[in-house]
Amino acid sequence: MPAIFPRWTNNVPIVIGLLAPLVGAGLIFAVWYWFSPYYTDVGYRPEQPVPYSHKLHAGEMGIDCRYCHNTVEKAAHAAIPPTGTCMNCHELVKADSPRLALVRESHAADMPVPWVRVHQLPDYAFFNHSPHLAAGVGCVSCHGRVDQMAVVEMKQPLSMGWCLDCHRDPKPNLRPLDQVTNMNWDPAETPYDPDRDANRKRKVNPPTHCSGCHR
Amino acid sequence: MTLTSNRPARAAAPLLALAAVMAATGGCRGSRSEDPPVHLQQNMDFQERGDAQEYNGFFADGRVMRKPPQGTVAVGFLKDDDHLYRGRNLDGTLADALPPSMKLDEKLLNRGEARYNIYCAPCHGDTGHGDGPVTRRGGGFSVQPANLHMARLLPESLGYYFHVATNGKGKMRGYKAQIPVEDRWAIAAWVRTLQVSHTAKASDIPAGNAPSPSAAAPTDTKKGAAQ
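Residue numbers (the numbering used here), protein chains in the order written: chain A, 130 to 344; chain B, 23 to 249.
Misleading hints may appear alongside valid ones.
Capping the alpha-carbon separation at 30 Å, the derived lysine-lysine pairs in BS3-like fashion look like this [said to hold, decoys possible]:
| no. | chain 1 | residue 1 | chain 2 | residue 2 |
| --- | --- | --- | --- | --- |
| 1 | A | LYS330 | B | LYS125 |
| 2 | A | LYS203 | B | LYS223 |
| 3 | B | LYS129 | A | LYS332 |
| 4 | A | LYS184 | B | LYS223 |
| 5 | B | LYS191 | A | LYS223 |
| 6 | A | LYS330 | B | LYS129 |
| 7 | B | LYS193 | A | LYS223 |
| 8 | A | LYS332 | B | LYS89 |
| 9 | A | LYS203 | B | LYS101 |
| 10 | A | LYS203 | A | LYS330 |
| 11 | B | LYS198 | A | LYS184 |
| 12 | B | LYS129 | A | LYS300 |
| 13 | B | LYS191 | A | LYS203 |
| 14 | B | LYS89 | B | LYS198 |
| 15 | A | LYS184 | A | LYS300 |
| 16 | A | LYS223 | B | LYS198 |
With beta-carbon atoms standing in for the labels, derived distance ranges [what the hints assert, rightly or not]:
| no. | chain 1 | residue 1 | chain 2 | residue 2 | range |
| --- | --- | --- | --- | --- | --- |
| 17 | B | GLY192 | A | TYR253 | 45 to 51 Å |
| 18 | A | GLY290 | B | LEU176 | 54 to 60 Å |
| 19 | B | ASP127 | A | GLY290 | 52 to 58 Å |
| 20 | A | ASP315 | B | ALA199 | 31 to 37 Å |
| 21 | A | MET289 | B | GLU128 | 29 to 35 Å |
| 22 | A | LEU293 | B | PRO202 | 31 to 37 Å |
Keep in mind that the hints were calculated from the coordinates and are not lab data. Nothing here was measured: the structure is a model prediction, and the numbers come from that model. Note that CB positions come from ideal geometry on N, CA and C, so glycine has one too.
So that you can see chain A by itself, here it is in the shape it has in the complex (with noise of 0.2 Å):
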């Protein structure tokens, strides 16, 4: 009677054991790779139904980050602004420029530019911008250099771990609170010490906890 198995099948629990780990580590690294907010977010840069450039504006020109998203520093939610903002000088400057079509016609209808929204949390994660602005956070440590992009991309990947890591030790990303919008501000230029600023009331102290950012 001849063997069920032939001989070479001797081999296969070799050939898995060496298999298997690889199989497994490279599973393991892809979707730590390729899962990650770093890959799946980090560089995303739609396009805009205006070619709004923040490089102009916000880095050439200088404009304030809340000329335009004035409730920063009070509510929840940057607000992106109403037409009516665009309006405050393109009634003035570049009234006729096909580029900015959309915009009056905006204006004109009252309804909103449909932008594509660029950075966008999770709706189970409740982040308010307002005490973060307060605690001296930077616009640019989440945002990157956004005063440099023609075009607005994702610069961070805004995940749970990455705001973990500044809420655990949020001291090298707090600035002078009145250098909060400063594209500018360089913490190697100026060493700054948030312990010492006269000018904190209090010690930021973030949440670490679930309930901090998960209500």
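Chain A is fixed; fit chain B onto it per the hints.
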């Protein structure tokens, strides 16, 4: 069995795999894309609720944030204080003082300076000469922003500046939607400070250095002159 006999190979395998995959995908993180982020595990990333400025198909215009119906006033938003909200006295003339609910002090002027620099300085300039970076760089205004030191403006009341900041003037659009009401008063106070500092003399500085409303303006002269 194989677990013990292949120990060296087992140890090397993950490293080899890692090296291979890293070589194949090097530089992929953070690469630019116009496609929306793919999240395989959606969980409850997008929930059926109206967040600020989101789209909502329930309403014909798609806006989740609703405007109040015409002719209605939300509770607490009546704005019946003519001095505070419209800068006017009871007889309808423009008031030349801060509303009674606000106090002229260093804090207010600092606030006014900061807000002025955000909302006004782009066009009117840090010092109010009508030569802000946007005026100089912004592709040419068809009407020049006003020089706040011109003779016509100097005798105007404080309420006038509040009124213009609120409702605009000529080609300047009003800022009442963009700047909260107290901040507009603070800005008006700062505009007055800029004007006073522009013509101030050394003799205007009081001998004492006690911070009082009358001392606030000359104290800021240094700032105005340095700019």
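Can the restraint linking LYS89(B) and LYS198(B) be considered satisfied, given a maximum Cα separation of 30 Å? holds, 16 Å
Has the given pair, LYS203(A) with LYS223(B), been kept, meaning a C-alpha gap of at most 30 Å? This hinted pair is violated, its Cα atoms lying about 39 Å apart.
Take a look at whether the Cβ-Cβ distance between LEU293(A) and PRO202(B) falls inside 31 to 37 Å. With a Cβ separation near 34 Å, LEU293(A) and PRO202(B) satisfy 31 to 37 Å, so the hint holds.
Straight-line alpha-carbon gap LYS330(A) to LYS129(B), limit 30 Å: holds, 15 Å
Hinted pair, alpha-carbon criterion (30 Å max): LYS184(A), LYS223(B). Please report holds or violated. violated, 41 Å
Compare the distance between the alpha carbons of LYS203(A) and LYS330(A) with 30 Å, and conclude whether the hinted pair is satisfied. holds, 17 Å
Given pair status - LYS101(B), LYS203(A), alpha carbons within 30 Å: OK: LYS203(A) and LYS101(B) at ~20 Å, within 30 Å.
A range of 45 to 51 Å was offered for this pair. Does it hold for the Cβ distance of GLY192(B) and TYR253(A)? holds, 49 Å
Compare the distance between the alpha carbons of LYS191(B) and LYS223(A) with 30 Å, and conclude whether the hinted pair is satisfied. It holds: about 20 Å lies between the C-alpha atoms, which stays within 30 Å.
Is LYS193(B) close enough to LYS223(A), meaning Cα to Cα at most 30 Å? With Cα atoms ~14 Å apart, LYS193(B) and LYS223(A) stay inside 30 Å; holds.
Between LYS332(A) and LYS89(B), is the straight-line Cα distance small enough, at 30 Å or below? Violated, at roughly 39 Å.
Does the beta carbon distance between ASP315(A) and ALA199(B) stay inside 31 to 37 Å, or does it fall outside? holds, 34 Å
Hints 2, 4, 8, 19 and 21 from the earlier list are contradicted by this structure; the remaining hints agree with it.
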